[in-house]
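Chains as they are written, first to last, in the numbering used here: chain P, 15 to 603; chain S, 15 to 603.
A couple of the hints might just be wrong.
Heads up, the list lumps identical chains together, so a pair's fine if it works in one copy or across two of them.
Straight-line alpha carbon distances no greater than 30 Å define the calculated DSBU-like cross-link-like pairs of lysine-lysine that follow [stated by the list, open to error]:
hint, residue 1, residue 2
1, Lys-573, Lys-428
2, Lys-154, Lys-141
3, Lys-573, Lys-271
4, Lys-588, Lys-521
5, Lys-512, Lys-366
By construction, these hints were calculated from the structure, which means they are not laboratory data.
Listed here are the chains, written in short residue letters.
Protein chains: 2
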Amino acid sequence: MKRTTYSGLVDETFIGQTVTLKGWVQKRRDLGNLIFIDLRDREGIVQLVFSQEFDSEALKVAEELRNEFVIEIEGQVTARDAKAINPRMKTGKVEVEVHNTIILNKAKTPPFEIQDDINVADDTRLKYRYLDLRRPEMQKSLMIRSRITQSVHSYLDDQKFVDIETPYLTKSTPEGARDYLVPSRVYPGHFYALPQSPQLFKQLLMNAGFDRYYQIARCFRDEDLRGDRQPEFTQIDLETSFMSAEEIQDLTEGLLKRVMKDTLDIDLELPLQRMTWNESMARYGSEKPDIRFDMELKDMAEAVKDIDFKVFTNTLENGGLVNAIAIPGGADKYSRKAIDAKTAYIERFGAKGLAWVKVTEEGFSGPIAKFLNDHVDVIKEAAGANVGDLILFVADKASVVRASLGYLRNDIAKEMDMIDESRFAFLWVVDWPLFEYSEDFDKYIAAHHPFTMPNAEDVHLLDENPHEAHAQSYDIILNGYELGGGSIRIHKRDIQEKMFKALGFTKESAEEQFGFFLDALDYGFPPHGGLAIGLDRFAMLLAKKDNIREVIAFPKNSKASEPLTNAPSSVATKQLDELSLKINEQDMK
Amino acid sequence: MKRTTYSGLVDETFIGQTVTLKGWVQKRRDLGNLIFIDLRDREGIVQLVFSQEFDSEALKVAEELRNEFVIEIEGQVTARDAKAINPRMKTGKVEVEVHNTIILNKAKTPPFEIQDDINVADDTRLKYRYLDLRRPEMQKSLMIRSRITQSVHSYLDDQKFVDIETPYLTKSTPEGARDYLVPSRVYPGHFYALPQSPQLFKQLLMNAGFDRYYQIARCFRDEDLRGDRQPEFTQIDLETSFMSAEEIQDLTEGLLKRVMKDTLDIDLELPLQRMTWNESMARYGSEKPDIRFDMELKDMAEAVKDIDFKVFTNTLENGGLVNAIAIPGGADKYSRKAIDAKTAYIERFGAKGLAWVKVTEEGFSGPIAKFLNDHVDVIKEAAGANVGDLILFVADKASVVRASLGYLRNDIAKEMDMIDESRFAFLWVVDWPLFEYSEDFDKYIAAHHPFTMPNAEDVHLLDENPHEAHAQSYDIILNGYELGGGSIRIHKRDIQEKMFKALGFTKESAEEQFGFFLDALDYGFPPHGGLAIGLDRFAMLLAKKDNIREVIAFPKNSKASEPLTNAPSSVATKQLDELSLKINEQDMK
Numbered sequence: 015m016k017r018t019t020y021s022g023l024v025d026e027t028f029i030g031q032t033v034t035l036k037g038w039v040q041k042r043r044d045l046g047n048l049i050f051i052d053l054r055d056r057e058g059i060v061q062l063v064f065s066q067e068f069d070s071e072a073l074k075v076a077e078e079l080r081n082e083f084v085i086e087i088e089g090q091v092t093a094r095d096a097k098a099i100n101p102r103m104k105t106g107k108v109e110v111e112v113h114n115t116i117i118l119n120k121a122k123t124p125p126f127e128i129q130d131d132i133n134v135a136d137d138t139r140l141k142y143r144y145l146d147l148r149r150p151e152m153q154k155s156l157m158i159r160s161r162i163t164q165s166v167h168s169y170l171d172d173q174k175f176v177d178i179e180t181p182y183l184t185k186s187t188p189e190g191a192r193d194y195l196v197p198s199r200v201y202p203g204h205f206y207a208l209p210q211s212p213q214l215f216k217q218l219l220m221n222a223g224f225d226r227y228y229q230i231a232r233c234f235r236d237e238d239l240r241g242d243r244q245p246e247f248t249q250i251d252l253e254t255s256f257m258s259a260e261e262i263q264d265l266t267e268g269l270l271k272r273v274m275k276d277t278l279d280i281d282l283e284l285p286l287q288r289m290t291w292n293e294s295m296a297r298y299g300s301e302k303p304d305i306r307f308d309m310e311l312k313d314m315a316e317a318v319k320d321i322d323f324k325v326f327t328n329t330l331e332n333g334g335l336v337n338a339i340a341i342p343g344g345a346d347k348y349s350r351k352a353i354d355a356k357t358a359y360i361e362r363f364g365a366k367g368l369a370w371v372k373v374t375e376e377g378f379s380g381p382i383a384k385f386l387n388d389h390v391d392v393i394k395e396a397a398g399a400n401v402g403d404l405i406l407f408v409a410d411k412a413s414v415v416r417a418s419l420g421y422l423r424n425d426i427a428k429e430m431d432m433i434d435e436s437r438f439a440f441l442w443v444v445d446w447p448l449f450e451y452s453e454d455f456d457k458y459i460a461a462h463h464p465f466t467m468p469n470a471e472d473v474h475l476l477d478e479n480p481h482e483a484h485a486q487s488y489d490i491i492l493n494g495y496e497l498g499g500g501s502i503r504i505h506k507r508d509i510q511e512k513m514f515k516a517l518g519f520t521k522e523s524a525e526e527q528f529g530f531f532l533d534a535l536d537y538g539f540p541p542h543g544g545l546a547i548g549l550d551r552f553a554m555l556l557a558k559k560d561n562i563r564e565v566i567a568f569p570k571n572s573k574a575s576e577p578l579t580n581a582p583s584s585v586a587t588k589q590l591d592e593l594s595l596k597i598n599e600q601d602m603k
Numbered sequence: 015m016k017r018t019t020y021s022g023l024v025d026e027t028f029i030g031q032t033v034t035l036k037g038w039v040q041k042r043r044d045l046g047n048l049i050f051i052d053l054r055d056r057e058g059i060v061q062l063v064f065s066q067e068f069d070s071e072a073l074k075v076a077e078e079l080r081n082e083f084v085i086e087i088e089g090q091v092t093a094r095d096a097k098a099i100n101p102r103m104k105t106g107k108v109e110v111e112v113h114n115t116i117i118l119n120k121a122k123t124p125p126f127e128i129q130d131d132i133n134v135a136d137d138t139r140l141k142y143r144y145l146d147l148r149r150p151e152m153q154k155s156l157m158i159r160s161r162i163t164q165s166v167h168s169y170l171d172d173q174k175f176v177d178i179e180t181p182y183l184t185k186s187t188p189e190g191a192r193d194y195l196v197p198s199r200v201y202p203g204h205f206y207a208l209p210q211s212p213q214l215f216k217q218l219l220m221n222a223g224f225d226r227y228y229q230i231a232r233c234f235r236d237e238d239l240r241g242d243r244q245p246e247f248t249q250i251d252l253e254t255s256f257m258s259a260e261e262i263q264d265l266t267e268g269l270l271k272r273v274m275k276d277t278l279d280i281d282l283e284l285p286l287q288r289m290t291w292n293e294s295m296a297r298y299g300s301e302k303p304d305i306r307f308d309m310e311l312k313d314m315a316e317a318v319k320d321i322d323f324k325v326f327t328n329t330l331e332n333g334g335l336v337n338a339i340a341i342p343g344g345a346d347k348y349s350r351k352a353i354d355a356k357t358a359y360i361e362r363f364g365a366k367g368l369a370w371v372k373v374t375e376e377g378f379s380g381p382i383a384k385f386l387n388d389h390v391d392v393i394k395e396a397a398g399a400n401v402g403d404l405i406l407f408v409a410d411k412a413s414v415v416r417a418s419l420g421y422l423r424n425d426i427a428k429e430m431d432m433i434d435e436s437r438f439a440f441l442w443v444v445d446w447p448l449f450e451y452s453e454d455f456d457k458y459i460a461a462h463h464p465f466t467m468p469n470a471e472d473v474h475l476l477d478e479n480p481h482e483a484h485a486q487s488y489d490i491i492l493n494g495y496e497l498g499g500g501s502i503r504i505h506k507r508d509i510q511e512k513m514f515k516a517l518g519f520t521k522e523s524a525e526e527q528f529g530f531f532l533d534a535l536d537y538g539f540p541p542h543g544g545l546a547i548g549l550d551r552f553a554m555l556l557a558k559k560d561n562i563r564e565v566i567a568f569p570k571n572s573k574a575s576e577p578l579t580n581a582p583s584s585v586a587t588k589q590l591d592e593l594s595l596k597i598n599e600q601d602m603k
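Bound conformation, chain P alone (with noise of 0.2 Å):
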């Protein structure tokens, strides 16, 4: 029999109609005569009804149902008792009284219940990803990526772009992440790369005409795994001939608008914030600040530079900063060993001591309120504090003052509960540095990639002072997150051939690498930029989920392996023979 409805679906305007349904028993309660199963599907969960009165052959069936059999019935939608209405569930109000039912497969007793609240270890879910994903939360989440794709594809169907696929075998450029390989058997000794993403294709693209570009592309990095990294991951990548910066922004807000509303109905007020890089760093210590709440870095210079505190005195002297955060409550809320967690911790960014008051009537508590005291006013107004409050400095070169505060802004705001879980708080950072120090790599490197076009008034520190370039970049932010970035391409070999001899390249190196780029540039590539999104953190982000592995079918977990299948596997020699390969030993050890 056909299906006429989704369980989840069945509500007070069926009453008195048959619906034909299939799904899982979520759970069955047995008062003998009397048989409640509650049906479940991607839709949600309807209660079945079988009694000796509606069909005798059904409950027969019923009786032998356990937890996630799979099951057709037929039955007829009645009205639920007043007393038995759950106005928490859709189809709280009815009943189905069941006529009919076939067993369409059995089920052994899974290994955790199929339900929101569970406790079982990630390999676990992972392993029995099938009976993971029948949970209503990650239905829920799955389908909100699918309904951000779809959103996605028909804003940009709109906007008249074309979507492209680039090539997964490609050319392995070890420029940033590491690249995962593919063995060539045709070319024994030779390899593909997986792409970490499509960003010379998408460029060609524009060279080629097509003028707007787009894909839901995967891409790869072989990175060492953290929180919330994947080997495989999504982007929402695009890329445009001919428009500016701004222009590409406002097309992107228009996306997130349309994204917004088709996925969780949320009416998006544009323009967006825009903030350049510096600012940026300047207010909230962070390139990817989460606007939600305030609690903003304040530069302290003016309010400290007269006072008698050396360690404030010398940092100023010495061309660093001192910059103040203000817990609004926090004199309460943080004891001294509290803080001197908080100052244990930022060590990691080269903090050297983390100074505090607490802001009372009388003017300032804790151990340096003796030097500041003369200077209470000024210096409560330099960093907004009032009465209660708690004032954090740091006192050093700029990157450690702002890593360091920007951090405490962010982990004091979850701990203070600050923070409107509600919002999606989206901001432009724009003008980003070309270049930025890699500790890794102990030289400079892109700060978003070699392709990315430097300020107009910028192009000529090229030659001079390249690292002291800005770029035509800008990055999307939601609540604190990169959830995106793009810029404005060089389309110009000579710029390309600088950046590149800026990264460190010589003539030979680049030329090998990218050469064929470079060619094209030569045959009338037109101006262009782009952006791209990460889709995974997007979904994570709108489904409200803290870890991508939430918003992805079938994720491979902290160590890079697939519990399911038990991917990766070793594999038969003859396949490697193949592929003129041979495993070295010593590393199996």
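Could you slot chain S onto chain P? The hints should help.
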């Protein structure tokens, strides 16, 4: 300045308006004080006019312009003189008088012209793919492909399908084609595999209760390359729970109708024709018949069983077939020599000969006419032949007869121009055998894949005589190409185990390779089925191309390499060391 419209869209409705256009110089005609430029963008070409009269600065810039320069212009749209009108162009009634021009980028002379009819080596086209893709026919082909995917997203969203991504780094299951492997760095000596299709994952998503899944999914097969194969290809992949084969076919027909309308504005009439595999083989000698023309295979057994021609009668006595096709007007068209060439060709299908007669007013002519001339009317009628036709006979076992005549039918239809190239002839071929004999492997393999459900009445054959079973499977054929295929899948563990056994798996080998999937069948796996459509092939057919490379932005060449980036390439020793791999140097010779 912001572009106001695309060049290719400037028609007579723009007359009098000032437009800003950005694009490429397609052609330049310099008449001294008057310069004409054809400006090209993705929507087409418009004629620009530069003159002292309009702007002398712009005229000066125009003197510098060469083909493929990228420019921005501002100008006024005017009507062309009546005699200058080009009725074949959308923009042929207008031209743009240019007041202002900027050169956005220069271009070297391209290695081939940016126009449709070029005669250039395939690898040159691929090396400069960004130029090749500027050609209008490539633009159009990729836009058709994009229209298809947009249409698929929109239709399946309407039908409540959930777009879910499945992993690209997964487990190697070396059944069927060869896997591409991806070495793991974290687990030395272990490998992921790139998926040949999302088959098992999409079935698991049905087990997870998503009810309707789809994905436009990249698939990877390391096969020996032939005409229209690529190492990576794309399929429109869908799966549903609780639906019958016919319901899935109906739903797919809705999808095809939408795509044909959105892409080519063609109204596809539904329902499509459905034909069993047995009938398709008997009538067309093919499981993917081109039904744009008739010339069907005719069973000649009744007509020839009593004649005195041993080739026919012995074949029939030994249980073989005698089939014929009648080629309308073929008597004059085909010489004895031409027929001999066909005879030689079909030896590859195992045919030992090709008997033939020409139908004249007086009866049959040709080498075997004397054996048949007493039965002219009966044979003519059985073969469906008329005077002037050529009748070709093959007498052999069924597989040889069908392969030979099935091939000849297509071959001759092309030669005789019998195919209406404007038609799109869809057809379902249903009820396939569950297994097929593979010459390559010298054993029975799954005709579709090991997860295909036998017909209900054939399930018992799995124990007794599995290779006679037919399956709940269906292929969708378009113009003689297999566009896609699908089936109802096995959702019961006992049937799946029998299937593996029939395919030659031991209990242990099935467990090792597919144990996780067998386990999943224990937990309330719903009845389900689905389908996959080859997107590359679909786009190729709708764009009227004869190779899928023409509808892939950056395809591999016929040797699985990519002349643009030179993938695959050698990699650094450090990369291999990290993967615990060594190259077998012997193979590098």
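> So which of those numbered hints doesn't the model satisfy?
Replying inline: Checked against the structure, the hints that fail are numbers 3, 5, while the rest are satisfied.
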